[in-house]
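Chains as they are written, first to last, in the working numbering: chain A, 7 to 803; chain B, 8 to 459.
The hints are simulated quantities; they were obtained by calculation from the structure and are not laboratory data. You may find that some hints are simply not true.
Distance condition first, Cα-Cα at most 30 Å in a straight line; then the derived DSBU-like pairs of lysine-lysine [unchecked claim]:
1. B/K395 - A/K230
2. B/K241 - A/K230
3. A/K404 - B/K312
4. A/K657 - A/K627
5. A/K702 - A/K657
6. B/K82 - A/K746
7. A/K770 - A/K490
8. A/K31 - B/K141
9. A/K350 - A/K19
10. A/K19 - B/K141
11. B/K312 - B/K445
12. B/K395 - B/K82
13. A/K82 - A/K65
14. A/K82 - A/K227
15. A/K82 - A/K230
16. B/K445 - A/K534
17. B/K243 - A/K746
18. B/K141 - A/K227
19. A/K56 - A/K31
20. B/K395 - B/K141
21. B/K395 - A/K227
22. A/K19 - A/K56
23. A/K657 - A/K674
24. A/K65 - A/K19
Predicted model, so just to flag it, every value in this text is computed and none were measured.
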Amino acid sequence: MSSVAEAYVHRDKYCVRRIIDFYQKQPTDLADYFMTAWRFQHRARLGQPKVTLAGLAAKDRVSSKYLALIWSTLTKPEGTGPVATLQAMWRQLPAPIGQPSDAARSECEGMRDFVIGLREKLRPAVTNLDVHGIAAGSQPLVLWKDRQYAANRGRCDRSLLQVPGETKAQGEPAPGGETVRALQVPADPSARARYEAALDRFCHIFPDAFYVSERVLVFLKEDKESQGRLLSAGFHLMTGYFRDDAPLYDLMLDPQGQRELDALWEEFHFITLDSVRQYKDFIFFERAEPPRFMQGAEFDFARSEDKDATSGAKIEQLARAYLAKARRNGGEGAAIDAIHDYFKNISADIRWLEQTRLAAEPSHLRALLTFAERAYHRPLAQTERDDLLAFYQGLREKDGLDHEEAVRDTVVSVLMSPYFCYRVDLSERVGQPAVSRALTAAKWKAQPLTDYELASRLSYFLWSSMPDAELLSLAKAGDLRRRKVLVAQTRRMLQDDRVRGLATEFGGNWLDFRRFEEHNAVDRERFKSFDNELRQGMFEEPIHFFMDVVRRDRSVLDFLYADYTFVNPVLARHYGMPEPHVHSNDWVQVNDAGHYERGGLLPMSVFLTKNAPGLRTSPVKRGYWVVRRLLGEQIPPPPPTVPELPSDEAKLGDLTLREALARHREDKSCAGCHARFDALGLVFEGFGPVGERRDKDLGGRPVDAHATFPGGSEGAGLDGLRRYVREHRQQDFLDNLCRKLLVYALGRTLLLSDDGIINDMRAKLTANGYRFSNLVETIVTSRQFLNRRDHDALTKR
Amino acid sequence: MNRNQNSSSTKAGGFHLSRRRFLRGVGVAMALPWLESIPVWGAALAKDGTPGPFPRRFATLFMGNGINSQHWWAKGFGADMELGKSLEPMEPLKAKMNFITGLFNKHATGVGIHPGQTGNILSGASLQKGAVLKGDISMDQVLANHLGQETVQPSMVLGCEQPITGYHETNFSMAYSSHISWHDATSPVPMEVYPSLAFDSLFDNRGNRRTQSILDRVQEQAARLSRQVSSGDKAKLDEYLTSVREVETRIERMRTTKEKADEHARERGRPAMTMARPDNGLPEDIREHMRLMCDIVALGFQTDKTRVATLLLCRDLSGLFYPFLDVRTAHHPASHDDQSDAYERVSRYYCSQLAYLAGRLEAMPEGEGTVLDNSCVMFISNMWSGSKHDSTKVPIILAGGLGGTLETGRVLDYTGQGDDNRKLCSLYLSIMDRMSVKLDRFGDAETRLARL
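Required output: the full structure, derived from the provided sequences and hints.
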């Protein structure tokens with residue numbers, strides 16, 4: 007539903023924040039400029055004889071444009087006035103000797119404080135305009151005052167100037183201080199004129215503010231309470247913003263920065279409709295709030311609820327009535343001009359808004375097409391473009407929606423489209439009749455992927471997301487399928503943060519923790535430490551581990567045997583590790599994880615918790631997870647008549663869980679399977695239901711992590727399991743990993759003909775230190791990855 | 008065709024959404040019914056023939072700047088209750104109302120006048136000054152969060168006056184003067200001021216037509232695609248089409264349910280309230296505006312499209328005019344002379360809005376009683392006195408019995424009972440209890456309101 011009147015609270019917030027952020031990142035501390043100028047002065051001694059002023063500005067992150075002005079201000083001889091004083095201070099800055107900058111820095115801050123202190127005294131005062139019957143906080147008068155302040159940023163108020171020895175009404179200024187001396191002017195008229203000209207230059211170079219980001223109620227004499235009214239114009243009650251950043255714009259910003267700032271303000275007006283809302287508030291205020299200037303029959307036509315309230319004609323009509331009354335009330339001169347300007351400006355602003363919004367519609371439609379291309383991850387066929395635009399037009403014409411509503415619905419239709427919800431790897435055939443497809447696809451036939459399809463397949467494989475601009479441009483140029491390019495892109499992609507997609511989607515599904523963020527089987531009454539934060543931490547651990555293996559191109563055997571893992575503070579607490587002093591969302595590598603019985607995937611609490619049914623552990627589930635997920639063993643589901651174990655360890659009676667399981671294995675129908683995995687779960691008995699280390703189970707019985715593995719070897723705990731896997735099952739693990747990753751990359755089950763590539767992957771792993779990249783590079787350069795199997799084969803599978 | 012590898016989940020605002028859920032979510036964004044609505048009007052009976060249980064509903068009517076306290080009083084009990092002049096519109100319904108006085112919101116006192124007394128009226132929150140809005144979730148939205156999945160719309164948040172966003176001299180944003188309903192600490196609920204759009208949000212109108220256009224389009228795409236893919240992939244597409252069809256079915260079901268219910272009501276000689284879709288745009292007469300909004304709330308309650316409604320009749324610092332009451336100034340300046348006859352007429356006019364809405368609900372039979380008997384309509388203002396900007400107590404009237412859980416016909420005065428025993432948030436806890444939303448604490452209260 008498009009309730010046009012609303013959501014402006016949020017639109018304002020967003021747009022205002024963007025402008026404030028822009029302002030705040032501008033370097034406006036004068037001390038920084040003095041400091042950089044000092045570095046330039048002493049560039050040779052600081053070991054950079056060839057550095058330029060602009061080069062230093064870039065390095066010190068100050069405005070190059072303003073630095074040039076400061077440099078010439080400090081170095082161009084000035085005989086009199088505050089700039090001369092500043093130059094004297096500048097000349098006395100210490101030269102860099104030994105540890106260079108500290109002393110100079112504090113002196114530069116002294117220069118800055120001198121400028122700011124004096125500048126404050128030279129700021130012109132602005133008095134309110136006053137028209138009988140018009141509130142001081144009304145829009146025309148406040149905006150006039152805002153404009154005066156803005157215009158005065160670089161101007162000098164001379165009222166505090168004093169000839170030494172003469173007394174002024176407000177008494178002698180306190181003796182001493184550069185500021186006071188700077189306010190003393192020579193008595194001699196021509197010297198005084200020179201001095202005042204110097205003051206003017208000073209005020210121009212050092213504006214009283216570079217920008218104004220908060221404004222109080224500017225019509226009040228004092229308003230120290232008002233703070234945080236970001237960009238506000240300072241009206242009473244009414245919506246309204248005022249831009250006052252000319253010094254920043256003129257003195258500091260380069261053309262690109264100027265364009266950026268202009269665009270932010272334009273978008274602000276465009277998005278928030280602030281001029282329309284401001285004008286409607288004006289009508290409300292002047293009619294309803296004391297002193298109610300707009301009372302009386304001549305104003306009855308002006309109501310904010312009228313649809314044409316903001317039309318040019320209506321605004322003009324109100325301007326005439328308003329001005330007439332203002333004149334009748336004795337208003338004249340600047341006040342009348344201010345009112346006149348108000349109506350002229352607000353009308354122009356509203357017309358701009360209407361025209362700009364209308365003019366923007368075609369570009370919104372272009373953006374819609376771009377958006378659809380991003381959503382479908384490929385260029386659209388012309389018919390599809392036409393179709394999308396026709397849908398938009400239909401909504402406007404047939405359904406009577408306005409532009410914003412129609413765009414919104416079109417976006418929804420893109421996001422609901424099967425082309426977005428699924429990856430459709432047959433782009434070039436879209437729009438062709440199905441019959442010809444059937445003819446060409448009579449037999450199985452490998453079809454090379456198009457370049458876009460390849461980009462898409464690669465990107466969804468490694469990032470679980472759409473291709474980025476670089477991939478798309480390579481696809482467009484037809485370069486991506488060149489082996490060298492493909493491998494280079496793969497390496498680039500594996501270093502990218504987006505590889506988290508692979509860790510989460512492949513890792514999460516392979517190891518079955520993808521839904522752990524929704525895991526609610528833990529009894530939080532019994533395990534008070536288990537909260538959402540810990541659950542999230544558990545979920546993240548294998549992701550961080552996986553990403554590390556990928557990005558550092560570690561051996562895939564680290565998954566099994568690593569003596570390191572990754573923790574955030576909450577997980578460290580859970581593991582009894584020293585808590586790292588980092589933010590709660592930051593992760594650190596722990597290298598002596600074995601000390602805490604952690605390291606690699608096996609003892610991660612996410613798996614131990616997921617495979618425990620709440621109030622007891624489950625050697626069955628944990629063992630089954632190891633053999634199925636890590637070692638790739640296929641085991642049939644249990645028969646339906648299996649007796650249940652008690653759900654709470656404390657209720658097992660005299661038996662330990664181990665004994666109960668042993669009894670279970672006496673049943674022949676169970677033994678065949680359980681013998682294959684129970685042992686691999688029993689070794690985890692030293693870990694409780696939320697993966698915490700423990701000596702006793704919940705029934706108070708000492709735990710026993712000893713097991714006899716399939717084949718008869720024995721071992722205990724994590725080390726025992728690792729030894730068993732290393733000696734007997736490592737090949738199973740590698741084979742399984744290769745298969746799972748290939749299935750994931752191709753998005754289909756494997757066929758007999760895929761065995762070749764599996765063998766390739768295994769061989770390359772063994773030959774190259776088991777590095778992860780061997781797997782990926784073998785896959786992406788394979789025939790299977792570069793081609794698509796055609797329809798018939800798929801239907802037969 | 009491969010299923011998107013990441014299509015099973017999409018990271019959105021810290022929550023994982025499946026595509027399937029996303030599709031549903033899109034449906035909701037298009038103002039689709041979430042679940043089939045329950046035809047409660049026309050005395051629907053449960054299978055065994057016993058009436059109800061009927062849903063309980065809660066509405067707030069807000070008026071800014073207080074009432075004329077001289078004429079805002081009630082004495083006695085039930086049918087013998089005596090009402091002050093401003094309360095006369097409630098005369099026919101006095102046995103079904105409670106007159107409450109003496110309650111207050113601590114965080115709305117001592118913070119300066121107007122916006123700081125308003126934006127927290129339904130939350131009890133301490134509000135933040137300056138450009139950053141911060142309050143807290145309001146009780147209507149707590150109810151909506153708990154009960155909303157039962158109905159087409161979790162709640163309706165309506166207004167008869169446009170919100171403004173400037174600043175008051177207390178340095179509170181004027182947004183607080185316009186928004187009493189809050190999703191959470193930082194987001195006021197967008198307020199619908201257009202009756203036509205409020206109507207559309209409840210009924211099978213423009214919203215559904217728009218949805219249908221989108222569904223037609225994506226089904227067409229899917230059909231085209233389906234001709235080009237293998238049978239294996241067709242199965243995947245079917246999964247998708249099922250999601251789309253679910254959305255479509257909900258529209259269809261909503262339509263047939265309404266038809267059936269209408270028919271049912273006609274047979275029993277109790278036709279459902281009907282209402283034509285209001286014209287687009289804002290009504291130019293405030294009386295019509297308020298009447299339409301009250302009608303929409305009544306209709307929404309009767310047809311169980313929503314169980315929670317918040318209607319800002321006027322904002323705080325309101326600029327509404329009442330030429331028809333022969334009041335020359337706008338609402339806010341008029342409230343500065345709150346003991347005047349003029350402001351008494353204003354207060355009575357607002358009370359008549361409550362009487363109108365409660366009267367409409369009372370005229371809707373439901374089981375042995377009426378919709379009003381299963382509802383609670385709370386009339387509240389942010390001040391007791393507009394001339395003194397006094398929020399140390401606020402005027403409240405509750406109309407309706409919440410399915411027999413709320414005794415009516417009473418005058419409850421909490422004046423002078425100690426600040427801990429007269430919290431607005433205690434009242435909200437007590438009301439929410441009766442709506443089956445039981446919280447340990449809400450706002451600044453941990454106890455229920457005594458004697459309610």
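A quick look at each hint next to the structure:
1. B/K395 - A/K230: holds (24 Å)
2. B/K241 - A/K230: violated (69 Å)
3. A/K404 - B/K312: holds (28 Å)
4. A/K657 - A/K627: holds (19 Å)
5. A/K702 - A/K657: With a Cα-Cα distance of about 14 Å, the restraint between A/K702 and A/K657 holds, given a limit of 30 Å.
6. B/K82 - A/K746: violated (78 Å)
7. A/K770 - A/K490: At roughly 18 Å apart (the allowed maximum being 30 Å), A/K490 and A/K770 satisfy the hint.
8. A/K31 - B/K141: holds (25 Å)
9. A/K350 - A/K19: Since the Cα atoms of A/K350 and A/K19 sit roughly 27 Å apart, the hinted pair holds (cutoff 30 Å).
10. A/K19 - B/K141: This hinted pair holds, its Cα atoms lying about 12 Å apart.
11. B/K312 - B/K445: holds (23 Å)
12. B/K395 - B/K82: Holds. B/K395 to B/K82 sits at ~25 Å (cutoff 30 Å).
13. A/K82 - A/K65: Measuring from Cα to Cα gives roughly 24 Å; hence the hint holds.
14. A/K82 - A/K227: violated (41 Å)
15. A/K82 - A/K230: violated (40 Å)
16. B/K445 - A/K534: holds (24 Å)
17. B/K243 - A/K746: Answer holds: B/K243 to A/K746 is near 21 Å, not above 30 Å.
18. B/K141 - A/K227: holds (28 Å)
19. A/K56 - A/K31: Since the Cα atoms of A/K56 and A/K31 sit roughly 29 Å apart, the hinted pair holds (cutoff 30 Å).
20. B/K395 - B/K141: OK: B/K395 and B/K141 at ~26 Å, within 30 Å.
21. B/K395 - A/K227: holds (25 Å)
22. A/K19 - A/K56: Violated, at about 46 Å.
23. A/K657 - A/K674: Holds - the C-alpha atoms of A/K674 and A/K657 are around 26 Å apart, at most 30 Å.
24. A/K65 - A/K19: violated (33 Å)
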